[in-house]
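**Student:** Chains as they are written, first to last, in the numbering used here: chain Y, 13 to 716; chain Z, -10 to 58.
Derived from the structure by calculation, the hints contain no laboratory data. Don't take each hint at face value.
Said to hold, decoys possible - Straight-line alpha carbon distances no greater than 30 Å define the calculated DSSO-like cross-link-like pairs of lysine-lysine that follow: (1) Y:K259 to Y:K424; (2) Z:K23 to Y:K260; (3) Z:K(-9) to Y:K523.
For reference, the chains in residue letters:
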Amino acid sequence: MEKYTLIITEKPDAAQRIAQALDQKGKPEKMEEKNVPYFLAHRDKPLVVVPALGHLYTVVHVGKGRNYYPVFNFKWAPRYLAEKGAKHIRTWIEVVSKLAKNAEEFVDACDYDIEGSLIGYCLLKYACENKENVAKRMKFSTLTKKELEIAYDEPLPKIDFALIEAGRTRHEIDWLYGVNISRALTLAAKRWSGKYATLSTGRVQGPALRFLVAREKSIHSFVPAPYWSIRVTVDIEGATYEVEYAKKTFEKRVDAETVVKACKGKAGKIEKIEKKNTKQRPPIPFDLGTLQTEVYSLFGYTPRRTANIAERLYLEALISYPRTSSQKLPPVIGYKTILKGLSKERAYKGLASDLLQIGELKPREGAKEDPAHPAVYPTGNLPERPLHESERRVWDLVVRRFMAVFGEPAIKQSMKVTINVNGHRFYLRGRRILKKGWMKFYKPYIRTEEVALPPLREGETVQLREMLREDKFTKPPPRFNPSSLLKQMEEVGIGTKATRADIIETLYNRKYINEERIVVTDLGFDIVDVLRKYCSGVISVKFTRELEEKMERIQTNSEKRENVLFGAVERLKPMLEELKQRETAIGEALSNAIKRARIQERIVGDCPTCHTGKLMILYSRKTRKRFIGCTNYFKNACQTSFPLPQRGTVKPLHKSCKGCGWPTLLVKMKGRRPWTLCFNEKCPKKEERRKRLEMQSLQQRSSK
Amino acid sequence: MKCKVCNREAQNKYCELHEKAYANIMQKFETWKKAADTSWEQYLNDLVKNEFTGIWAKEVAEQLLKDKE
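Isolated chain Y, as found in the complex (with noise of 0.2 Å):
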């Protein structure tokens, strides 16, 4: 076979996209190697564009056996040799390292980051054995024909070996801290009680659960405080306001109740009208954060599913990369480019074509900068293919959101009409928009809302229809939620926008928390506790932004990936060694708390018949078959008992039964779809879909 180069992409989609963009048909031919696909493409050479998946080589111990810490050996290997069920990495790396032997080019067109970075540099170094530093680099934002052949010839010179550096640097110290802190804590519970419950913490994700834990004892110690306020209401021509009073809220009952008696039933004098014109400057481009913050609110897709829901959006060469800290739209992307690409389809049409008038357009943009990538755009290219409803949403929120950052500033108009009764002074308030400006490009997803006051002069009399004094309560602080957690990470500077969703859908799914509004299980609140009394570093934000900040030096050749590690080492060896010298008190905390996290997750709800136990899950001691029973039973107070599908799992829903308000519990089983079990059986639903069943029967009898 002639010689050809080697184009090394981050996944299989963006392969394609390349070869297709790169070839001079378009046409690429598609090639397959035990299941490992690959594209030839005819340029000015020929061309293989091969993918990876992801990451195809990680950090390994070097060394035996997994039941001992602490480790500080470690080699970058093929993931198959680290991870179970990773088999097909060794098929695929054998297919990349066979079409390395006949290329005379290498170039890496992973995504440009650290994480693509490193990925590019492991299988050029490893698979390709040792290409590295004769590879080249391209480097691109978008999937589109025109940046990708722009980005094939004018290379970079060289892959970024900085990056890299802090890409290996980032992988390494979170496997030093990962693996020796988990296998502590494992190997606790696991000495303690004789059972094996994988226990896990890292770098990020500690101090992460710090924060949850902390909000979760300042809603549990809470304390409310008494507070006032009044309600009021006036009738202006037929129809009803709500008014405030001067003071919004009182401290003490008693001066509420004295505003009340002296303005009830009183008709009051409109006193002062004010209007105040603002304006408000359009909203500003997309990193990942913003996008995945305003997603869960208008949506409520977790950071998770937005970040995967954008990478499909730019692999369809329909945004540009998402996994940017960029809030810049530099001219270099071609504003008008993209505008007259999106006039094509109907929805924006007029929109663009508002925008197409502006003879020189300038975004807003925002503070935050990326030097690999800008803001999150769209590219102008329309879908090939009929969107998913989520997908076609977050679309339609990035072309919006970029039309909008053109648009002119706002301007609101806001009304201040204060009505005196009796002496005292309330408030009417209305609100419109004067000139739509960026709004009208946002508009789906503005959410201020007009309020409409009728022509009022001063002088006028106004009857006030409903006074209340309403007694109120100051509330706990909120419980975060994906959204509000990724952004307090954000804020305070811990893990990076490429794992920060990562690490909250880990919290989940090592039943640390649960729930869309976070709560922290017993499990959580043991591991930080140990934390905090054995190795407090670890979940220390202060020293997870300091690592974070040295490894950010390294991109930038600020900081010896040496040194970064080496004082990492120096910090985790003390922790150890404090958690090895009190084992047994962890391995007890710890087993104590997975016990309790095990009978937890087998409580189904309250029970139905004696209102003090709790229903639970149990196992028979005779048959080994499974039941629902009342915890009181052990009491000898309560003999409540149901039945359970013997067959697959079931799983507590923590929701009640629309038809009866019992507990409910979600049942798989092999070949089936999963569904809602209510095992009460007079639940009234049930009824109703027995007698439903039974008219369907009489009426296929009839009419046979």
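Using the hints provided, position chain Z relative to the given structure of chain Y.
**Tutor:** Showing chain Z alone in chain Y's frame:
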């Protein structure tokens, strides 16, 4: 010493978690007294019933009511 509420290790009457809730209860009483002239017992009863009171604070309030009995 064991916590009066949950039996965890404690330095005084309460463990670290319930101690914080106890401190909050003591601190907020003045506010309640000034706001609505609430008595200590009424205050504790109100806390037990209030939906915004944290679970540890409720447990301590219940314990304080029991102690009074």
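**Student:** What hints, given by number in increasing order, does this structure fail?
**Tutor:** none
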